[in-house]
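Novice: Hey, can you work out the whole structure from these sequences and the hints?
Note that the protein sequences, when read in sequence, are chains Z and V. Sequential numbering from 216 applies to the first sequence in my numbering. Sequential numbering from 159 applies to the second sequence in my numbering.
Honestly, I wouldn't trust all of these hints.
[Said to hold, decoys possible] Computed footprint of chain V on chain Z, listed as stretches where at least three residues anywhere in the stretch have a Cβ under 8 angstroms from a Cβ of chain V:
id	stretch
1	326-338
2	342-354
3	458-465
4	566-572
[Said to hold, decoys possible] With the C-beta cut set under 7 angstroms, the calculated list includes, among others, these residues of chain V facing chain Z:
id	residue
5	Ser164
6	Asn286
7	Asp337
8	Asp339
9	Asp342
10	Glu343
11	Ser356
12	Pro489
What the hints contain is simulated information worked out from the structure, not anything from laboratory work. For glycine and all other residues, C-beta sits at the position ideal for the given N, C-alpha and C.
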Amino acid sequence: MHQIDTSVKHVRSTRVYALQPVSSLVKNERRLAAALFGMRSLDDQGRIFRISPISGYLFYCDQEKLWKNTAGRGLPTDRLDVERTGRGFLENANLSVSCDRVLRREGIAALFPTDVRLLWVGAIVPQKRSRPDHWLCQFGVDLPVDRERRARVDGAKIDLRIGADRTMLAVSSRWRSLQGDFLDTETIGIESEDALYSDAPLAVHRPRPAATQQIEKPFPALAAEASRPGDLSHGDDPTEYLYSLADENAPQTHLAPFLFRGHQHHAEQIPASTYSLCADILQRGSNHKLELLAVVRGGSGRYEYRWYYWEPHTVVEAGMAALGTGPQVNLSPGIYNVVLLVRDLATNSVIQAERSVHAEA
Amino acid sequence: MARRLSRNRWDLEYDIGRGGIILRNVKHDNFNLAREIRVTRIWICDDDPAASFSLNYVSFELNSPEMPMRDAREIEASGVELNSPSAAFSSYHNVFGLDASYATSADYLAGTPNACRPLVSQRYLFGNYGRNPPHEPGAVLDATRLFPLLSFEFPPVALGSRGLPYPRYLRADFLIDVDLDNIDEAGIRSQRSGGRGSSDFANKAAIFRDKENLAGMSVVVQSPAAAVQELFAALEKPLQYEIVSWGIARAEAARQTTGRLLLRNTVSEQQTWDNVHIWPARRGGPYDLDNRVSTPGAFHALHCHWRWGAVAGRRDLDWMDRRLLPAAGQPQFRGLGWSPSAGGALVDPGIPRQNLKFAVTKSDIAADQARTSYESMRDFENAFYLARLNPEDVSGGSDLVFWLSFEVFRDPSKLDEPFKGTLFVNGFYFAHNQDDTPFTAAAGGAYGEASNPHPTRQWTRFARS
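Specialist: Here it is as structure tokens:
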């Protein structure tokens, strides 16, 4: 847990990461299967490989071997060995990808983060057996926020299942590879300079041509006074940085930092870069109409809103419908599921919020 | 013949045979969830079977000669049919599904004005993994959701025939043969030194009734010495003995039910349980807590909730309480008949007169088969009483089967409308995360184990005597 230096009031540099577009991962699904596991197709002799078309998450399973080691033979015997095997797999996978010219041309330089944090490791014993079938090694992801500080990526998890003779039996990765990263200034009183780029953690420089995708310079942030990390006016609650990977179904373009201020059981997130967005849907109901307000914090303050809704009782016939493009929309009394998509016009950063809303007639 | 489906991180086999769509070896993200999930039997009656000896109390197995299948298909990710038909659960993101429909091969109530061929459809919807929409009002748990839906439809009662027999009751029984993985390394070392036996690697269960207010949660936050029993109105954690009991009692028959030794019992809504958690007996992980699991929490567990305490349905929490329960008020936590002092039942509002009974038993294949046969399952509770005089001890973990039996009674004021609806709309959710129990909850007793009321070795135990 890192204590924030509250004496810094003017500028704070934080690192923002651009996520690999899912489309490029899906387009190269077969090539990635070949690079990582030597597979000739996505279903190859009992082995399956998938990239989720929505989230870009990777899934691999050797169905011929997983859960088949009834005697528990040939398994590594200590945790360190398992962890080393897991880390070795991730490094080799990244090496294989980076050696593939086609993938490199597509901007896919590495599938996994270079710095993973062991969450835990344990041997998996199915019910009614007395010996483990394989080891499960779970890694979380930390990313540098700046030169001194690192932050956990909430929601990121890489599961590796390691079997006899250190064979990789399954990979389930809630992670999207990074396209590049750059320093973003949290502007508190001064305008930001051009974004700086880096193609490795902590290696900050102007982008080399074609080394990383150019990302538009962000407009100066117009963060609300209350959102500024320097303003820790709620006492000395422990505070740390946090990146957040969106749910499987939600679009996301960047991993941008938030300040995470703990408060008893729960905590609040404060945007900590011009790319960091928080969105919520507020409902104001009356007997005649349902008023929905987009409450967005962070970013440039210049947002594009897209609202969608569907009615649970008519979704099969009517499907999902567009509701509006302003910060406020209205619905007649009823029960709806509402999705709000917000795009920051300056940074192209997106965030999705959704909730069920209801107002009786 | 079983067909294997590996899609969107789910991996399973399914059979379409006698019994309809039967899911086997269900896994998510390579975590085992269940050996089998199925509808065991459907029952139809022209009266309340617990209070009558109607000859028209009949049962069907899906896809049997008496109730053949009309069609079956896999539902792809693009279809709006992937939305739950229940408004309260329609916001969950389902990624694929399986669907089949059935109709009886002969008329029910043949030769009467209300002769009909009931339509039944079965739909499994498989969700994505995440916490948006939230699975619990604290909105902290990543999980996937599975909806094993069963819909039915009978035509309106014929004009002028209300004094004659008509379909008045439907019951559907579900079986979930739970199969959660244990985490333990002793077996590797035991190849040299001897280790644990297979019976050590089992599942444990717990049952809970929620408090209606935030008192329990406030205790957790404010008092590190709080005990787990202060969090819930009633609990049995872990489950001490096999159990068959009540989850929802909203229909008239709840007040006149057949109990042990054919004594008449009265079941009130306050006596019912709200949810079942099932988790691996040996959990490994970062905490050396005797393999205990946190509640609230249960980060690697099957969760099935059919009611939440009233506070989970409140939309008017102040900001402090809202930070504890940010998702309170959302329809998946509110339920039918919700009031500020009592949570509602998570059922299809079109068929409000419902009871839910449930059982958690050891997986005894011979007994399971006996329970799914016609005679023994005629009365859901009796099936278990007859199988074993006394419930077996499962406190140390066992290979567990979770049974649910939904009863629906037709509304006599709506006989001119079709009698139709969907069962098991709440489904269940499956979390497989590393333990991330907040420190305050952990210190506040969430890992504790307790029973209240004290369980006696009898099959039916209520949340309140």
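Novice: Which of the listed hints are broken here?
Specialist: none
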